[in-house]
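Peer 1: So the protein sequences, as listed, match chains A and B. Take 1 as the starting number for the first sequence in full-length UniProt numbering and just add one per residue. Take 1 as the starting number for the second sequence in full-length UniProt numbering and just add one per residue.
Note that these hints are calculated values from the structure, not bench results. Mixed in with the good hints there might be a few duds.
Label-pair restraints from in silico Cβ distances [unchecked claim]:
{"no.": "1", "chain 1": "A", "residue 1": "Gly351", "chain 2": "B", "residue 2": "Ser69", "range": "53 to 63 Å"}
{"no.": "2", "chain 1": "A", "residue 1": "Gln395", "chain 2": "B", "residue 2": "Leu24", "range": "31 to 41 Å"}
{"no.": "3", "chain 1": "A", "residue 1": "Gly37", "chain 2": "B", "residue 2": "Phe5", "range": "53 to 63 Å"}
{"no.": "4", "chain 1": "A", "residue 1": "Lys85", "chain 2": "B", "residue 2": "Tyr3", "range": "40 to 50 Å"}
{"no.": "5", "chain 1": "B", "residue 1": "Thr221", "chain 2": "A", "residue 2": "Asn78", "range": "50 to 60 Å"}
{"no.": "6", "chain 1": "B", "residue 1": "Leu291", "chain 2": "A", "residue 2": "Ala374", "range": "53 to 63 Å"}
{"no.": "7", "chain 1": "A", "residue 1": "Arg305", "chain 2": "B", "residue 2": "Arg51", "range": "44 to 54 Å"}
{"no.": "8", "chain 1": "A", "residue 1": "Lys85", "chain 2": "B", "residue 2": "Pro263", "range": "25 to 35 Å"}
Backbone N, C-alpha and C fix where the C-beta goes; we use that ideal spot for every residue, glycine too.
Next come the chains, spelled out residue by residue.
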Amino acid sequence: MKEDYLLKVNNLEIGVFSGNKKKNTIVNGISFAIEPGEMIGIVGESGSGKTMTALSVIGLLPKNIEIFNGSIEFENKNLTQLNEKQRRNLKGNHISMIFQEPMTSLNPLSRVGNQVNEMLFNHSKLNKEEIKKKTLSMFEEVGLQYPEEIYEKYPHQLSGGMRQRVMIAMAMICNPKLMIADEPTTALDVTIQAQLLELIKKLNKEYGTAVILISHDLGIVQSVCDRALVMHNGEIVEEGLVEEIFHSPKVMYTKDLLKAVPSIQNRKNSLEKKEIISKSEKDIILKIDKLSASYKEKDAKLFGRTMKKPVLTDIDLEIFRGEIYGIVGESGCGKSTLAKVIAGVHKEIEGGIVLKESRPQMVFQDSYGSLNPAKKVGWILEEPLRIKGGYTKKQRQDAVYEILEQVGLQKEHTHRYLNELSGGQRQRVNIANSLMLKSEFIILDEPVSALDVTVQAQILNLLINLREKYQLTFLFISHDLNVIGQICDRVSVMHNGKIIESASVEELYHNPTHEYSKTLIHSIPGME
Amino acid sequence: MKYIFKKIITLIITLLVISLLTFLAFQIIPGDSALTALGTNATKEAIDALREELGLNEPLFIRYGSWLSGIIKGDFGLSSQYNIPVSSLLKDRFIVTFYLAVIALIVIIVLSFPFGILTVKKEGGFLDRVITLICQINMAIPPFFLGMLITLIFGLILKMFTPGAYVGIQDNFLGFLGYLFFPAVAIALPKAAMLIKFLRSSLLRQLKLDYVRTARSKGDTEHQILYKHVLKNGLIPVITFLAMMIADVFAGSIMIEQVFSLPGLGRLLVVAISNRDFPVVSAIIMYIAILIVFINFIVDILYQYIDPRVRIS
Chain A
1 MKEDYLLKVN
11 NLEIGVFSGN
21 KKKNTIVNGI
31 SFAIEPGEMI
41 GIVGESGSGK
51 TMTALSVIGL
61 LPKNIEIFNG
71 SIEFENKNLT
81 QLNEKQRRNL
91 KGNHISMIFQ
101 EPMTSLNPLS
111 RVGNQVNEML
121 FNHSKLNKEE
131 IKKKTLSMFE
141 EVGLQYPEEI
151 YEKYPHQLSG
161 GMRQRVMIAM
171 AMICNPKLMI
181 ADEPTTALDV
191 TIQAQLLELI
201 KKLNKEYGTA
211 VILISHDLGI
221 VQSVCDRALV
231 MHNGEIVEEG
241 LVEEIFHSPK
251 VMYTKDLLKA
261 VPSIQNRKNS
271 LEKKEIISKS
281 EKDIILKIDK
291 LSASYKEKDA
301 KLFGRTMKKP
311 VLTDIDLEIF
321 RGEIYGIVGE
331 SGCGKSTLAK
341 VIAGVHKEIE
351 GGIVLKESRP
361 QMVFQDSYGS
371 LNPAKKVGWI
381 LEEPLRIKGG
391 YTKKQRQDAV
401 YEILEQVGLQ
411 KEHTHRYLNE
421 LSGGQRQRVN
431 IANSLMLKSE
441 FIILDEPVSA
451 LDVTVQAQIL
461 NLLINLREKY
471 QLTFLFISHD
481 LNVIGQICDR
491 VSVMHNGKII
501 ESASVEELYH
511 NPTHEYSKTL
521 IHSIPGME
Chain B
1 MKYIFKKIIT
11 LIITLLVISL
21 LTFLAFQIIP
31 GDSALTALGT
41 NATKEAIDAL
51 REELGLNEPL
61 FIRYGSWLSG
71 IIKGDFGLSS
81 QYNIPVSSLL
91 KDRFIVTFYL
101 AVIALIVIIV
111 LSFPFGILTV
121 KKEGGFLDRV
131 ITLICQINMA
141 IPPFFLGMLI
151 TLIFGLILKM
161 FTPGAYVGIQ
171 DNFLGFLGYL
181 FFPAVAIALP
191 KAAMLIKFLR
201 SSLLRQLKLD
211 YVRTARSKGD
221 TEHQILYKHV
231 LKNGLIPVIT
241 FLAMMIADVF
251 AGSIMIEQVF
261 SLPGLGRLLV
271 VAISNRDFPV
281 VSAIIMYIAI
291 LIVFINFIVD
301 ILYQYIDPRV
311 RIS
């Protein structure tokens with residue numbers, strides 16, 4: 001058991017000093033080790049301490065966060081005892097990192113080529129010519145076509161996937177021994193995600209760079225890593241080979257986590273109660289016929305005319321009462337516009353749309369931003385009734401209490417502000433808000449995308465229960481095929497403003513007919 | 001190029017609208033320039049004759065047309081109080097305000113950038129707190145009082161200049177600049193203080209962003225991070241702020257010119273307004289309007305070069 005570890009973390013304790021020198025720990029004495037060239041995953045929910053662990057390894061902890069205890073040994077050097085200059089020499093050169101947000105992780109005012117060059121300026125003795133040559137060849141290595149053109153571009157001129165490739169090129173250019181990838185694909189579409197994970201795997205093999213992949217998505221870790229650590233509340237609760245952890249987890253928390261992961265295999269039995277969905281003509285709640293929608297766009301000229309930019313073309317859709325209907329597609333495919341059209345918010349449309357529900361309600365992804373943060377929950381929930389009018393204060397309050405109970409919150413929550421609630425509780429408030437007017441048709445736009453898996457599972461269960469209780473119909477929009485697969489009855493795949501395939505979930509996931517649907521289904525991590 | 005052309009067109013339209021508003025405003029304000037010029041004892045014939053001479057009897061739009069074409073040629077008419085062409089009256093005053101503004105601007109920039117960056121480097125430290133406190137005090141003191149303090153300390157006690165003994169530009173150029181230096185400092189100090197605080201918060205905001213973390217992960221030094229990454233990004237909001245400041249400085253400071261008895265535009269404006277010298281007032285208004293519109297134009301063009309995200313292909 002002699003020193004052939006690349007990285008050895010020993011009893012690491014990280015935290016902040018709060019008032020009167022009290023320690024507030026974020027990471028609670030964890031130990032783990034990585035061998036050269038290994039690919040290890042760290043999974044955990046938000047607040048589990050996985051990102052802080054990674055930041056402490058590369059030496060990027062925020063100023064107010066400190067290492068209280070323990071050691072981080074990298075090639076037998078204790079990093080916590082190095083001075084600033086010695087640490088700097090390791091950064092990028094031996095330990096590099098890629099981040100979640102490819103948009104904001106690059107300097108917006110600097111050409112991406114220069115930003116990659118900087119790595120070589122810092123850590124190599126190459127001259128300008130050689131640096132450029134090396135950057136260009138690295139761009140090619142990470143699958144960027146036309147490297148010469150990319151080299152001159154600014155970050156905003158590249159797509160999210162391309163930006164993340166630039167980040168990877170930057171992280172790999174000094175041929176580091178360890179690369180930390182913190183949620184590298186979370187902000188990206190599923191097909192791009194699959195390509196990037198493939199790329200990281202390839203670079204790991206070719207260069208022998210060890211990779212720490214941090215993710216909340218167990219499917220990703222399962223599909224690319226050899227070994228995994230499961231973190232919870234600042235501790236490593238389970239550690240082992242990926243197959244072991246995913247197939248025979250030992251710890252309760254890991255078991256719960258795995259159970260919560262949405263997937264088509266995890267479809268709840270309650271979903272199979274098909275009798276609440278009727279399929280007769282009179283029970284169609286929404287019928288869309290050859291619908292097109294467009295946005296107005298102003299010409300860049302001085303007195304330019306406004307032009308119509310089509311977003312949706314030839315949409316046909318039929319939703320029956322009691323159904324959970326999924327719309328799945330990648331960013332920019334028009335799924336949110338479709339939601340707005342159905343809700344009656346977006347009015348630039350042509351074609352037929354018949355909705356047998358006067359006021360469809362919407363639930364959005366951003367549970368905080370979509371409600372007024374300056375008002376208390378009770379006030380927010382009463383608002384629809386206040387606007388509708390005809391209720392006494394007492395009646396409004398009773399209605400709020402009743403709905404709150406249905407969404408799993410208590411009376412006391414009416415006195416809270418949004419920032420005093422957790423993400424899951426806030427989304428419950430949003431759902432409650434959509435139910436206040438007793439609408440039977442609810443549009444959910446990425447309702448669980450910002451939530452941790454265990455919370456996600458709770459909200460999905462809540463939706464299923466509410467549907468039965470109130471005979472609701474849901475239009476469920478998501479980019480996440482796993483979530484759609486778990487909760488929906490039927491689903492439409494959207495691509496470039498068109499519905500390219502509509503089928504029942506089982507049919508789509510097992511026999512996709514359209515080429516694009518096939519790519520999409522095969523991109524789901526952990527799906528073979 | 002197309003963008004610049006488009007901007008120039010907008011600029012011209014803006015100025016035309018302002019000129020029309022200025023012209024109309026002086027038509028609506030009660031008071032007769034001819035009467036004011038000749039005094040209350042003038043005979044009706046004399047007033048009518050002057051009205052005829054000044055073209056006050058023509059229809060409105062013809063008068064606007066001739067007024068506007070005059071402005072374009074640099075002819076703002078005759079000052080009714082001094083009876084000399086407004087343009088030559090303005091020229092002398094403008095030179096004073098111009099040099100005053102240039103010196104003030106240099107002082108603002110020389111003070112604010114180094115100190116602004118210093119506070120960011122030493123954020124939360126002793127120096128940061130001292131500089132921030134000094135800035136606070138500077139912004140709180142009214143400019144005329146600051147002018148009086150400077151007169152007292154540098155003029156009367158230290159005898160570095162003689163208050164009230166204004167040196168003309170023709171007499172002694174260096175003496176002229178020397179006399180302007182202290183009023184310029186009085187103008188500059190509160191503005192420099194504002195700029196330091198603005199720059200500080202802008203840079204600190206940038207330092208919290210993700211791309212700075214990326215730069216750190218590359219092994220950049222703090223020096224590299226500040227000068228290669230953060231400064232340029234942090235300057236974007238500062239440019240707009242600085243531009244407003246420049247316009248303000250060049251418009252002339254009524255207070256400071258009064259305190260230091262400088263024959264600048266600010267003082268001229270005060271006198272002209274109280275004497276209903278409309279040609280002079282409207283000329284100064286047009287000057288300030290052109291100044292502000294033009295500086296905004298420059299800022300828009302500048303953004304095109306600095307920020308690739310607003311660059312129009």
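Peer 1: Take the C-beta atom of Gly351(A) and the C-beta atom of Ser69(B), compute their distance, and say whether it sits inside 53 to 63 Å.
Peer 2: Since Gly351(A) and Ser69(B) have Cβ atoms about 57 Å apart, the given range 53 to 63 Å holds.
Peer 1: Using the C-beta atoms of Thr221(B) and Asn78(A), is the stated range 50 to 60 Å upheld?
Peer 2: 22 Å, violated
Peer 1: Can you let me know if the beta-carbon spacing of Leu291(B) and Ala374(A) is within 53 to 63 Å?
Peer 2: 41 Å, violated
Peer 1: Taking the beta carbons of Lys85(A) and Tyr3(B), is their distance inside 40 to 50 Å?
Peer 2: Taking Cβ atoms as reference, Lys85(A) and Tyr3(B) lie about 46 Å apart, which means the hint holds.
Peer 1: Quick check on a hinted range of 44 to 54 Å for Arg305(A) and Arg51(B), using CB atoms only.
Peer 2: 49 Å, holds
Peer 1: Given the range 53 to 63 Å, decide if the beta-carbon distance of Gly37(A) to Phe5(B) lies inside it.
Peer 2: Roughly 59 Å apart at Cβ, these two residues keep to the hinted range, so it holds.
Peer 1: May I ask you to test the hint 31 to 41 Å on the CB atoms belonging to Gln395(A) and Leu24(B)?
Peer 2: 58 Å, violated
Peer 1: For the range 25 to 35 Å, tell me whether the beta carbons of Lys85(A) and Pro263(B) fit it or not.
Peer 2: 59 Å, violated
Violated hints, listed in ascending order, are 2, 5, 6 and 8; each of the other numbered hints is respected by the structure.
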